[in-house]
Each structure stands twice: as C-alpha cells, then as structure tokens.
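K.L.:
Residues per chain are reported as follows:
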Amino acid sequence: MKYLIFFNSFLYKVPFFQISSIKLFSTKSKVPDKPVWDKIDFNSLPKVPEIDLELVEQLERISLVEFNNEEGYISLQNAVRSANLLHAINTEGVEPLDSVLEERELWLREDKVTEGNCLKEILSNATKVEEQYFVAPPGNIPMKQRGKHFLKSVVKEPETSS
Amino acid sequence: MKSITLKEAVLQLKKGLTTAQEICIACQQRLHKTNKLNMFVTETTSGELQKQIQSSNKAYIEGAAKPLEGIPIAFKDNFCTKGVRTTCGSKMLQNYIPPYDATMVTKCKQAGGIVMGKTNMDEFAMGSGSLDSCHGPVINPWNLVVSPHIHSELSQNSPAESDDTASLNEPDWYISGGSSGGSAAAVAAGACLAAFGSDTGGSTRNPASYCGVVGFKPTYGLLSRHGLIPLVNSMDVPGILTKTVEDSALVLNSVAGHDILDSTTFTEAYTPFIIKEDLDLSKVHIGIPKEFHAPSLSEEVLMLWRKTADMFEKAGAKVSQVSMPHAQLCIICYHVLCCCEVASNFSRYDGIEFGLRDGSEESTEELYAGSRHKGFNGVVRGRILAGNFFLLKKNYTKFFLKAQKVRRLISNDFRQVFSTGVNLLLTPTTLTDAPLHSWFSKQDNRTRCEEQDIFTTPANMAGVPAMSLPLGLSRQGLPLSLQLIGPHFSESLLLSAAHWLEKDAKFSHLDLDFLEFSDKSFRRA
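Keeping their order, the protein sequence lines are chains A and B. Here full-length UniProt numbering is used: position 128 in the first sequence is 128, and no number is missing along the way. Here full-length UniProt numbering is used: position 30 in the second sequence is 30, and no number is missing along the way.
Quick caveat, the hints were computed from the structure, so don't treat them as lab data. Quick caveat: nothing in here was measured; it's all calculated off a predicted structure. Idealized CB from N, CA, C, for every residue including glycine. Do not rely on the hints blindly, as some may be mistaken.
Stated by the list, open to error - Just so you have them, the derived chain A footprint on chain B, three or more residues with Cβ under 8 angstroms:
hint, region
1, 259-271
2, 292-302
3, 322-330
4, 351-357
5, 443-456
Please work from the sequences and hints to get the whole structure.
P.N.:
See below:
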C-alpha cells in the first residue's frame with residue numbers, strides 16, 4: 001500500500017530545482033563536509049536519577065496532573081535522561097542566565113489605576129459564579145491517592161521500611 | 001490571486017486597481033477551498049469581515065489608508081482576540097473568549113489590517129508538527145501539488161462542507177511543521193497575505209521552512225507579548241509569516257515598538273527597518289557555524305546551504321567558518337528551561353476563573369486535578385510533570401540552574417561570534433524538507449521536538465533575530481529553507497541580506513490558482 005502511494009506521488013512530482021551531484025562540493029566551501037558534533041562520553045556523566053513510585057506521587061501532587069499511563073512515565077524518564085546530557089558541559093564559574101534583558105532596566109509604569117469597571121468581562125469566562133464571586137469547592141483537602149497499578153511494570157516500588 | 005504579495009496588494013489598492021473587498025473575498029474563497037487542510041480554527045464572520053472591509057474601502061477613497069489597510073491577516077490561536085474564541089489548540093480553552101485584544105492584534109487593526117481568523121496550532125504551542133491540536137492536525141498545502149491523492153480527496157467534497165480531517169489520515173501526507181503550522185500553511189495557500197505565529201523555540205521558522213514561506217522571529221523585546229498566551233516568557237516572541245521578505249518588513253514596521261502593557265518591550269524610540277536594495281555585500285561578513293552541520297542533516301539541505309554560502313562569497317561578501325561550541329546541546333537546554341517555565345506558567349489553568357471546569361467538586365484540589373487532566377493533552381501534562389521534576393529542591397541546581405548556565409554559554413557563543421566582525425550567520429532551518437505524517441508520528445512529541453528544533457532554539461536562547469526563508473525545492477517538489485541570524489536589533493541588515501538572497505533564488509511559491517479556475521468571479525490580480 002505505502003509503496004504504491006510513493007510511486008503514485010512520484011509520478012506527479014516535478015523537480016523544479018534539482019540540486020544535483022557532488023560537483024557543488026567545492027573544497028573551499030565554508031560549510032563543513034561532515035557533521036561536526038562532538039561525541040558525548042556517557043561514562044563521564046552522573047547517574048540518571050531514578051523515579052520511583054513515591055516520586056511519581058509527589059510530582060502528581062504538586063503538578064495537579066496525573067501520569068495517565070506507562071507512556072507518560074517513560075516520557076519523563078527519557079526527558080530526565082536527556083537533560084542529564086547537560087552535565088557534559090563544564091559550567092564552572094558561569095552565572096545562570098534568566099533573561100536576555102538582564103543588562104537593561106525594565107520599564108515600570110506609574111502606580112496608577114488605568115483600567116477597571118470590567119467585572120462583567122472578568123466573570124464572563126468562569127463556569128460557576130455567584131453574585132460577584134468565583135465559586136470554588138472547599139480547600140485544604142489533600143488530593144486523594146490515585147491507584148498506580150498500571151505503572152507496576154515500569155516503576156520501582158518505594159522500599160518499605162517496616 | 002497568483003502569488004500576489006502583501007506589497008503588491010498595497011500598491012494595487014493605492015492605485016485603485018483592486019479593492020479591499022476583492023482581496024479579502026479572494027482570500028476567503030481560498031480559505032474555503034482549502035478547508036480540509038484544517039488551517040483555521042475560527043474564521044471571522046462574514047458580517048464582521050464586511051465591516052472591516054467597508055472601513056478599509058472608505059480609507060482608500062478618502063486617501064487616509066494606513067500601511068496595512070485592507071490586508072487580510074490571520075492570527076495563531078494563542079493571540080487573544082476580543083470577543084473571539086481563543087483556544088490555544090487545547091480543550092482547556094475551548095470556550096475561552098478573551099475580553100481584550102493582544103497588542104499585535106490591536107496594532108494590526110490600527111494599521112488597517114483585516115483579521116481573517118484564528119489559525120490551528122499544536123496545543124499550547126508545544127510541538128513541531130502541528131499534529132497535537134484538539135482541532136486535529138494541519139495538512140501542509142504543498143500536498144495539493146505533490147500528493148495528488150490528497151488533492152483528489154479535497155475536490156471530491158464541496159468545499160467548506162465539513163472540517164473533518166480524519167479521512168486524511170490515510171493515505172499519507174506531508175506535515176506543515178509547527179507549532180504555528182496553521183499560520184504558515186494559511187500564508188502558503190493564499191488564505192491570507194500575512195499571518196502571526198509565535199516563536200519560542202522555532203515555532204514560526206519551522207513551519208515556515210516546511211510550508212515554503214518567510215518566517216521571522218524578531219529580536220526579543222521588539223514586539224509586544226501582551227495577550228500572547230505565554231509558553232516560556234523569557235523566550236516567547238511573536239513571529240511574522242509572509243510570502244516575501246519585503247512583506248515581512250512591512251508587517252514588522254507596523255507592529256514593532258514599546259508597549260506599556262509589556263514591560264519587556266524596549267523603550268527606545270523606534271525607527272522603521274529599511275531594506276537596502278543596493279546592499280553592498282563587500283561590507284557584509286557571513287559566518288557559517290560549523291556545529292550546525294548536525295548528524296542527520298539531509299543532503300539536499302546541505303547542498304543548498306553550501307550553494308548559498310558560495311553565492312554570498314561570489315557576490316563579494318566575506319564568508320568564514322565560525323564555531324558555536326555549545327549549539328550542539330542547545331535543544332537539551334531549551335527543553336529543561338521550557339518545562340520549568342511551563343510548570344510554573346500553567347498553574348493558572350485551574351478551571352475556576354476561566355477554562356475547562358470538569359472535575360469532582362468535593363475539594364479544590366480534586367477539581368483542579370480533574371479539570372487539568374481533562375483539559376491538557378499528554379504532551380502538556382508531560383512537560384508540567386518534567387518541569388516540576390527539574391524544579392524539585394534536590395534537582396534545582398542539578399537541572400534548572402545548570403540549564404540556565406548553559407543558556408549563558410550559548411548566548412556568549414553568539415556574542416563572541418558577532419564580536420569578531422561577523423554580521424550574520426547562515427544556517428539550515430530544519431534538517432530536511434517536510435516529513436511525512438506516518439514517519440513523524442512514529443515518535444512522541446518530545447523526541448520529535450528534540451530533533452526538529454535543533455537549528456532554531458539557539459536564537460531564542462540569546463534573544464537574537466532570525467529568519468527562515470525558502471530558497472529552493474527538493475526532489476520531492478517540497479520547499480527547502482535556510483536561516484539567517486543576526487545580533488540584537490540587526491533587523492535592517494538581516495532583512496536586506498534576506499531580500500538579496502530571495503531575489504537571487506527566485507523561489508517558486510506555491511500556486512493553488514487551479515483550485516478556482518472554474519470560478520468566473522475570480523479575477524487574477
């Protein structure tokens with residue numbers, strides 16, 4: 001099926017601009033012939049932190065979103081493994097950069113009311129309002145634990161100290 | 001409207017050769033004919049459109065036309081539009097109707113521009129394929145000329161009938177790139193003459209590269225972010241998508257400058273950027289950062305890169321190879337910083353004041369968690385979770401601060417290169433021409449972003465201006481693009497050099513006139 005499609009579309013393709021052959025490779029070109037990426041020495045990197053069930057639950061609590069399946073968990077693991085590559089770069093004595101505007105003073109406006117009387121607009125996007133208030137359910141009740149049985153095959157259980 | 005550019009449209013309008021009505025209706029027709037590409041999320045109602053057209057017509061008659069008078073412009077669906085639904089491609093904001101306009105929208109309207117509608121995007125601008133939207137994927141309009149099965153499928157149904165793109169999942173098609181895929185596709189297809197995207201890690205330049213249009217990310221702080229729904233505040237920049245470099249300059253000059261509603265915009269008096277037609281290339285020094293030759297760069301892009309570098313040299317410019325040693329891990333650094341800012345930024349979505357409210361009402365936390373779970377897709381949830389992981393007390397120094405330090409090194413790389421007399425950098429925008437949907441969706445969003453955005457994120461890290469411009473076609477007949485990057489506020493030189501390249505390349509823009517050739521009311525511009 002796929003081959004058919006490729007063939008089919010190939011027939012219709014008109015190469016307007018054929019970039020052809022090795023001729024264009026002049027030795028004096030400033031574009032390097034070969035990729036110039038450094039090989040990363042994985043042995044020199046610190047160990048990738050492990051993410052156990054306890055951590056999964058902690059992250060869900062502070063994020064207020066859930067890992068819905070194994071895929072979500074594996075994706076986090078990969079993100080962390082990826083981020084760990086940063087340790088291949090020596091940053092000793094380097095200051096963190098928060099903003100590209102660090103050398104400028106941000107413009108501050110006068111501390112004066114410039115807009116207002118927009119109660120209707122502000123409330124217009126809320127699903128539940130009462131008189132002039134947003135409505136929220138009772139607070140200070142921790143989120144219920146969610147069963148994580150579907151992560152069993154990929155997550156390490158926290159060691160029980162009992 | 002064969003390849004009519006914004007500049008040509010303005011000229012014709014001024015001379016009275018055409019009217020705002022004609023131009024807008026032509027774009028609207030094209031929008032309807034290409035409905036199945038799923039480029040638009042919300043279309044401006046005919047009544048509202050007519051109102052804007054009338055006012056532009058009047059302005060031309062009275063000789064009071066402003067720079068973008070009567071020009072149809074589309075906005076990515078993460079720019080707030082007063083009274084018009086703004087979804088960010090997410091269920092979370094499915095019913096969100098902003099009570100205000102983003103500054104980019106206000107300025108476009110003030111300059112006479114006509115808002116055509118809101119364009120499709122990856123949910124919350126997280127992605128590089130425009131496949132992860134709650135409205136379904138954007139189909140690259142080039143499919144209409146290189147994938148005949150898509151074309152025949154489009155013409156089978158009468159246009160504007162349904163926005164059901166599910167049938168387009170089979171057979172295969174080329175993606176538009178992202179996350180501003182809808183905006184890039186809309187310009188390429190001719191459904192508007194300019195569009196706004198946003199560019200946090202390349203979201204304007206990536207789809208511009210795949211859709212064969214000019215994608216410009218100006219210097220951070222030059223365009224106001226007010227009303228642009230934030231992704232990564234320290235990197236977000238409104239992006240401009242047009243057919244040509246001159247068009248890009250026209251739009252830029254109409255919207256740039258200080259905004260009292262965005263404290264990160266520059267306060268300096270702003271002078272319009274001018275394209276020098278007689279650019280003296282012997283005074284221009286082009287740098288080729290060698291680290292941008294990444295392992296999976298396609299041969300065709302490499303050839304184009306070489307050819308263009310040689311072309312600059314032949315025309316008298318000084319071209320030298322330079323090194324940006326930290327570019328290689330830029331994308332990794334970007335991802336950590338992006339997740340961290342997302343984790344913090346996205347705490348605003350709790351379903352109480354606005355956004356989806358869909359969870360148990362037994363406690364606030366249950367309600368928040370329920371709404372956020374249903375409102376966000378897996379990609380957004382994944383970035384929030386990863387961000388909170390990097391921000392944990394025990395990881396803060398190891399990951400977040402580490403990434404910020406690497407960011408400084410990347411920024412210093414630019415500084416260093418530009419301090420040696422290099423005026424502009426020439427690099428690829430993307431590794432290849434537009435990938436196939438079947439190939440792209442083999443990997444998850446995170447993996448794809450990590451390979452798709454490698455050439456575009458460095459400019460965001462340093463806040464420098466960068467432009468992707470189409471310069472040729474691949475063997476498959478799809479656009480190939482390169483990127484020019486300059487130091488802060490080098491917009492005039494960058495635009496001039498890009499314009500010079502564009503004139504030389506004579507890129508054949510996508511021509512979809514055949515979609516309307518039966519339509520007698522349609523006049524060639």
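K.L.:
Each of the hints needs a verdict: does it hold here or not?
P.N.:
Hint by hint, here is what the structure shows:
no. : hint    : result
1   : 259-271 : holds (count 6)
2   : 292-302 : holds (count 6)
3   : 322-330 : holds (count 3)
4   : 351-357 : holds (count 6)
5   : 443-456 : holds (count 4)
Violated hints: none; the structure is consistent with every hint.
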